[in-house]
Amino acid sequence: MDFRKIATIAAMLLLLAPQVGMASSGGAPLPKADWTFKGVFGRFDPAALKRGAQVANEVCLGCHAIKYIKYDHLRSIGLTEAEVKAFAEAQGKNKKDRMLSAMSDADAKESFGVVPPDLSLMTKARKGYENYTYGILTGYLTEAETEMIDNATSDDALSDEEIKQIAAKLHLDAHNPDYVREVVRRIGAGDNFNRYFPGNFFAMPQPLTADAVEYADGTKTTLEQHSNDVVTFLAWAAEPSLEARKSLGIKVILYLILLTVMLFAVKRRVWAKLH
Amino acid sequence: MSKSLMEWVDERIPVSDLIKSQATEYPTPKNLNYWWNFGSLALTVLIIMILTGLFLAMHYKPDAALAFDSVEHIMRDVNYGWLLRYLHANGATFFFIVIYIHILRGMYYGSYRAPREILWWLGIVIFFLMMGTAFMGYVLPWGQMSYWGAAVITNLMSAIPLVGPDLVTWIWGGFAVGDPTLNRFFVLHFLLPFVLFGAVFVHLWALHAVHSNNPVGIDVPHKDTIPFHPYYTIKDVYGVGVLLIVYLSFVFYAPNFFLEPDNYIPANPMQTPAHIVPEWYFLPFYAILRSIDFLGSFSKLAGVLAMGGSIAIWFLLPFLDRSPVRSFRYRPLSRRLFWIFFIDTLILGWVGYNPADATVLDGALPMITIGRTATFIYFGYFVLLWAITAFGIEKPNEVPKSI
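Those protein sequence lines, which keep their order, are chains H and U. Plus 9 on top of the position in the first sequence (first one is 1) and you've got my numbering. Plus 881 on top of the position in the second sequence (first one is 1) and you've got my numbering.
Please keep in mind that the hints were generated in silico from the structure rather than gathered at the bench. Watch out, some of these pointers could steer you wrong.
What the hints assert, rightly or not - A few chain H residues that don't get close to chain U, going by computed Cβ distances all over 10 Å:
{"hint": "1", "residue": "D159"}
{"hint": "2", "residue": "G197"}
{"hint": "3", "residue": "A225"}
What the hints assert, rightly or not - Within a straight-line C-alpha distance of at most 27 Å, the following computed DSS-like cross-link-like pairs (lysine-lysine) qualify:
{"hint": "4", "chain 1": "U", "residue 1": "K942", "chain 2": "H", "residue 2": "K79"}
{"hint": "5", "chain 1": "U", "residue 1": "K942", "chain 2": "H", "residue 2": "K282"}
{"hint": "6", "chain 1": "U", "residue 1": "K942", "chain 2": "H", "residue 2": "K76"}
{"hint": "7", "chain 1": "U", "residue 1": "K901", "chain 2": "H", "residue 2": "K260"}
What you are looking at is a predicted structure, and each value in this text was computed from that prediction instead of being measured. A virtual CB, placed ideally from N, CA and C, is assigned to each residue, including glycine.
Using the sequences plus the hints, can you model the full thing?
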């Protein structure tokens, strides 16, 4: 057997991997957004960072903390001294303070049953990374979907047709009507449904809606735009060194490639004496 | 001046002689292929690990209440701390990649055969030290996977008859994984690399006593050797260049590729992650552990023994392999067995990555069945290698008289 055969077999084995079946319901496949900060030359969009910081400050901090970031750090994403001061003061803080939640842990526990997780590392701490956070923010029921479920449940039993329709809209498994019924029942009972959350129900009510925040730069305030901006901000909060890392990386890798090519040439030349 | 200074030193401690006989003029077979680069690559990664680890330890706090925050402090506040940490975390991955290739090279070319048995055994000792060090290092960031990985793996000790449960309590320093566990793991994680470094020195000492094997696998007369310098110094340095390109590409452009997202969630003893997976380099052995589940109350102990045995059995290779020929290049049956063994360990790794209750082919084939079969094949390799060589079943091809 030669190496090529081995490699082919190994590659085929790897292709098998995604077909693994799991017992638990995994949530719908995450939306794949185009993040500007992905890839070798990826950089954060400065305008999105600024808008996202505003969404985080005005919306997320209501319940969550972003404890590894101090208001003063926001100057490094382009906020002016005055803007930083205004952000901090809006939360009753000063610029040296960390971005902590306005809500105490005890109050959060009483309202939600759990203390909302810190968001500093959220985009690195879930499978799917940024797409996960974006999926959660945009994965709640739309008004049309709520209406559809209301209509379907108005006449008691769900028909097969209704189950199929609901399953398709909410990315549920249509082959498991019992699960769809259970989802509809829990939505009716007021539980928080999210199509992308593994298990579909969790403690967080929809945190972000269109027009939640008014942007100074006039950008439209759709849910998708808000989500895109705040996820960009959270990605920065999770990895403020991302841009430094990528720009240093290019220099290091290019240098190494040049060096290695030269080392290879020297190696060839040294060994040529032998033959 | 410098010449006379060197002479002065050499009269008192013969440094120049040592460098000449063991490095520059050290006779090396002229036919070593690129698979022989991986020893020097392993040493390179070890040095990178020790240096980055040293500087990380200056900023890290081995305290259950502070550890997670101190890693983020390194990532955010320490100058180039993110680079140190990503070099160290990905360095572990590349250390294992390099070492696995180094071990497989030894297996394929019969480098464990006489007179290199002790050299081979020292290598296995180094590998055990490496696994222990890597395991304890992974606990230090004190994320969810750190905590639960530590809990699962240390708990295996409880399978040991009579003393097991007490032993586990002793290792933990309490009745659960906690602050004392983290503190001692940090101490050991700092200490073991230096023990490992000492073992590497003895490994090299043994190597220089018996000299390198080579792809043909025959003993090489002096006329077929070349001085280590410049031939292998330049070849090794070139190899280091290639390794660094691959390794640093991950460090700079996919630093979290080999890490579990769950480890960015601080350790929480009250909440078990949905799916606890060890680091990728432990997966084949983890799969073997989980595959032994059919022996009732003995399953846990048997699984632990099978897992330990899957590596310990490498110690027996010099005795199991009875072929008159070292290199598998001239042993068609052994070569086929080797590649089956290689693919089998990849399958074991994949099984280890998936949940134990997963299935493939729409539920027709449970993961556990694949795991058991692959475990059987894993150990079968050693039995068959012995059988085909001890009973003369394998007819080796003709081996060249010289390289």
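Hint-by-hint comparison with the structure:
| no. | hint | result |
| --- | --- | --- |
| 1 | D159 | holds, 32 Å |
| 2 | G197 | holds, 27 Å |
| 3 | A225 | holds, 28 Å |
| 4 | K942/U <-> K79/H | holds, 21 Å |
| 5 | K942/U <-> K282/H | violated, 54 Å |
| 6 | K942/U <-> K76/H | holds, 18 Å |
| 7 | K901/U <-> K260/H | violated, 37 Å |
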